Amino acid sequence: MNIPSRHRFALFRLGAYLRLRLAQTPIRQDDVMYIIDRDQSAFESYSIAAWSFVMTACYLSDFVTPFLAPLLAALAFHVPICVVGLLRKNKNNIRLTSIIAMSLLAFAAAMYATSTSWLRFVAWQFFAFVALNALAAIIVFSLRGSIEKLEAAFAQ
Amino acid sequence: MTWFRRFLVNGVFWRQLLRFAVLNVPLWVEPIVEAFWTLFFLLWGPGRRGVMRNLTAILPGSSSLANFFRAYRVFWNFAWTITDNMRFRELRVSPDWEFIGREYYEQLQSQPGGAIILTAHMGSYDLGAHLFAEKSGRQIVMIRAPEIDSQTRAFEESHASRTAADLKIDFNTRASDLALDLLHALQRGEIVAIQGDRVTPGISALPATLFGKPMQVPAGPFALSMAARVPIYPLFIMRRGRRRYRIVTAKPFEVTRTRDRAAAFEEAVKQWTAELEQVVREAWFQWFTFQPFSEELR
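These protein sequence lines are chains Z and B, in that order.
Residue numbering for the first sequence follows the numbering used here, starting at 1 and increasing by one per position.
Residue numbering for the second sequence follows the numbering used here, starting at 1 and increasing by one per position.
None of these hints come from the bench; they were simulated from the model.
Fair warning: this is a prediction, and the values are worked out from it, not measured in the lab.
Think of the CB as a built atom: it goes at the ideal place given N, C-alpha and C, for glycine as much as any other residue.
Worth double-checking, as some hints may not be accurate.
[What the hints assert, rightly or not] Non-contacting residues of chain Z with respect to chain B, defined by C-beta distances greater than 10 Å in every case (computed):
| # | residue |
| --- | --- |
| 1 | 10 |
| 2 | 53 |
| 3 | 67 |
| 4 | 117 |
| 5 | 132 |
| 6 | 133 |
| 7 | 141 |
[Stated by the list, open to error] Lysine-lysine pairs mimicking DSS-like chemistry, simulated, CA-CA at most 30 Å apart:
| # | chain 1 | residue 1 | chain 2 | residue 2 |
| --- | --- | --- | --- | --- |
| 8 | B | 168 | Z | 89 |
| 9 | B | 251 | B | 135 |
| 10 | B | 135 | Z | 91 |
| 11 | Z | 149 | B | 135 |
| 12 | B | 213 | B | 270 |
[What the hints assert, rightly or not] Some chain Z residues close to chain B (C-beta under 8 Å, calculated; not the full set):
| # | residue |
| --- | --- |
| 13 | 31 |
| 14 | 39 |
| 15 | 45 |
| 16 | 74 |
| 17 | 85 |
| 18 | 94 |
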């Protein structure tokens, strides 16, 4: 059940829409109960997590030994989470920490994009993904009526 | 040194940290954070050894090295499960559900009188109970082992008060009073959910065999079934992936009143352990029993 509404990033929403169009016939599933939530896709969540983790580890390998970089990358993700969480206690800060973490990735990409090291390729693929996602967002927006109809047909 | 107690395994710090994470971790960062913190579970020696010893009985012939990595898988699933449970409590975000044995699940929902759900420390039994209470609209009483740490108990009880109106959480601390309360609840047609795979100290137990090892199961659910003449539904909740759970409902059985009470209990315990064994064998990575389940494994 990979309907677009169960994805957050436009690229994944577009992918889900295309898969749904190719599926043509809805499959009847009686023994399941699906939740419509933008963060429900496991594939999307694990893909973005792996992608951002590898990128961060790559950037950190510029400062520390490559063996230590993955551990530091995991710790680095905790920094914006802890700072925001401690400044805004007992509040739902998920959106804010998400924006800050993605902005930090963008900042790191901007730093390395003009460098001469191999890390410029890591930085440019980040910008390529951002550009692709922006393009997908435009397509998804223009297809919103069709997506809604298709989802309604499949979700019945 | 009481401040230090909050950082012990059963301390309140870890519950507060989990709540903090649920309110602050972006969902696309969550797998990284879960993987990182699951490593800390492996540092918990008694828990890790408990899981590894249980695995030697569940998977005969398995090596210690393989069981070490399997223990990580158990802790990984446990970390996701407690996160999903906390997320539901704090943000009311529910996972996807699959049903196996749906006919029995529906039978349970439409059961005219009371019934006992006998479950195990698998998946998110809290989430499952919430789902059942919300969807069926029936009063459900969930029995849990009390938290050892007083601060953790206070934390859990303050959160329990925020649960669905149809869900009541009780702690099996005062055995005799609780038994009477539960009997009355069953007679009123309510559903009582009890975990039947672990015995809390001070609670009466029945002998059983699981994976060929002697163990004990709580006597309460079987005695209640006999006294209130209500069926027992074995029901298991398993995590199938990110935000996806499966509810397995097995065929109900009753503990019939006969002259030979011991034989009736023995028969019922056999049925229960057969269901439990089958489910745990298939989903050993979901069985969150961190102490050896049998004295033989200690």
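Okay, the hints, checked on the actual structure:
1. 10: It holds; residue 10 (chain Z) is separated from chain B by about 14 Å at its closest Cβ, greater than 10 Å.
2. 53: Not fine: 5 Å to the nearest Cβ puts residue 53 (chain Z) too close to chain B.
3. 67: Holds: least Cβ distance 16 Å, greater than 10 Å.
4. 117: At roughly 24 Å from the nearest Cβ of chain B, residue 117 (chain Z) sits farther out than 10 Å, so the non-interface label holds.
5. 132: holds (16 Å)
6. 133: holds (12 Å)
7. 141: Its Cβ never comes within 10 Å of chain B, the nearest being 21 Å, so this holds.
8. B:168 - Z:89: Roughly 29 Å between the alpha carbons, so the hint for residue 168 (chain B) and residue 89 (chain Z) holds.
9. B:251 - B:135: Judged against 30 Å, a Cα distance of about 21 Å means the pair holds.
10. B:135 - Z:91: The hint holds at about 28 Å.
11. Z:149 - B:135: holds (28 Å)
12. B:213 - B:270: holds (13 Å)
13. 31: It holds, given that the least Cβ distance between residue 31 (chain Z) and chain B is near 4 Å, below 8 Å.
14. 39: Given a least distance of 4 Å, the restraint on residue 39 (chain Z) holds.
15. 45: holds (6 Å)
16. 74: holds (4 Å)
17. 85: holds (4 Å)
18. 94: holds (6 Å)
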